[in-house]
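So that you can map any letter, position 296 of the sequence shown is 296 in the numbering used here, and since no number is skipped, the others follow by simple counting.
Don't read these hints as lab results, they were simulated from the structure.
Where hints are given, some of them may not hold.
Claimed, not checked - In the DSSO-like style, the derived pairs of lysine-lysine whose C-alpha atoms are separated by at most 27 Å in a straight line are: (1) Lys394 / Lys45; (2) Lys45 / Lys349; (3) Lys349 / Lys394; (4) Lys394 / Lys341; (5) Lys298 / Lys341; (6) Lys298 / Lys349.
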Amino acid sequence: GLVYSGAGWQVCRGVGLAAMSKLTDIQIRDVSSSTTEIGYRVPIKFGGRVVVDVTLLDVTVQVETRDGRRGSGTGSMPMGNAWAWPTSQLSSQETLAAMVALGARLAGLAGGCSEVGHPLDITHVLSVSYDEVAQDVVRELGLAEPMPRLAQLVAASPLEAAIHDAYGKALGRSSYDLLGSEFVDRDLSAWLTAEFAGEYLDRYTLRTPKARIPLYHLVGALDPLTAAEIPQRVNDGLPETLGEWIEADGLTHLKIKLAGDDLAWDVERVVRVDQVASEAQARRGCTNWQYSLDFNEKCADVQYVLDFLALVGERSAAALDRVQYIEQPTHRDLRANPANKMHAAARIKPVVIDESLLDLDSLQLARVLGYSGVALKACKGQTEALLMGAAAQKYGLFLCVQDLTCVGASFLHSASLAARIPTVAAIEGNGRQYCPAGNAGWDARYPGMFHITDGTVETGLLAGPGLY
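Using the sequences and the accompanying hints, generate a full structural model.
Here's what the structure looks like:
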């Protein structure tokens, strides 16, 4: 096994998992990283924060199998510091710089990792170092607080994606076809619990991606619902109101961002969205559409959620009926807030953890606290997303795949997860709304993923080799 020592990787018996022996096992041969900054078309507001641009971290990994096959894989992810590292002590510039520095540092260190195995094994070994390397970065930058685990996962996610992608490229197959016992030495009990003995990820993933998946369109807190709410048009040819988006893209799934600390505003927002959506859907002859609701952790307690649902139901029973699920209404730190139990709300609608989902322990704690679903995100790492997707299915939890305003390769990566996990029924994708410049080039290669006309994305295109 290997362990990070501050200066690099060192052999350390007992830290790795075990000697591997499959000819398809890979070793990392080279890693490089770079960043790209892109301005948003329009700002997005969530959880009281406004974001106007994105920094993408891109990682390329070269691997070689035991039998000499080589592959080059790529990973890309927005460094969503406003979401992954909300703080009152540090500036947005400081948290972003730290996350980018960590991602680049991890990529550089991975180039010296001599572990040989399946991507699940390699990423597991690498993940053990995330916190220690993050501490080094924080200390070097002189920051006043440690980097949260969620921010660490986001920073590491392009590297993990690139490793999985390179593995598929080396073998000339979709990465999702390489998750069974033919390619993986250990069953899922090595990463999860004894309940998963004898099971592999091929049991919880699809060999063929779903042909099409409904797309969740974001209705941000600043987004105009009607033309009267537009202070000044962008006039770039894209829709600018909710009604325009619904009719242009044939939308059937809307994700509504809410305040969480202003009950009257939240209720009125859902009612207004439903009114505008109903008018637009009537014009196009659609009678069936759905909402998800995202409070971004701002609710004080579950009673706020219950009061909100009751008031929405009083104002519009149809709007309440259209709610498919509710995201993370209260604080992400579940252990520090054990009184925030979701049982009563989850009896009305599925309530999913998002920011709280960091590992199996957090998923188990969420179940105890009454959460009935989980939101998977590619930005938390491909390995963790696959494992949490398996656990969620085993425990009968509601599953969705959420976005981080992913663009280009990162959106394809996110969509590939949704396309390969059986019980995921829809995917969020708001990059086309806020940062369409990030899709340039990718939209020509995968037109059905970026040009939406029937409210769905053509995930059947994501058939590999590699992640997509």
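So, going through the hints one by one against the coordinates:
| no. | hint | in the structure |
| --- | --- | --- |
| 1 | Lys394 / Lys45 | violated (35 Å) |
| 2 | Lys45 / Lys349 | holds (24 Å) |
| 3 | Lys349 / Lys394 | holds (20 Å) |
| 4 | Lys394 / Lys341 | holds (22 Å) |
| 5 | Lys298 / Lys341 | holds (15 Å) |
| 6 | Lys298 / Lys349 | holds (18 Å) |
The structure does not agree with numbered hint 1 stated previously, though it agrees with all others.
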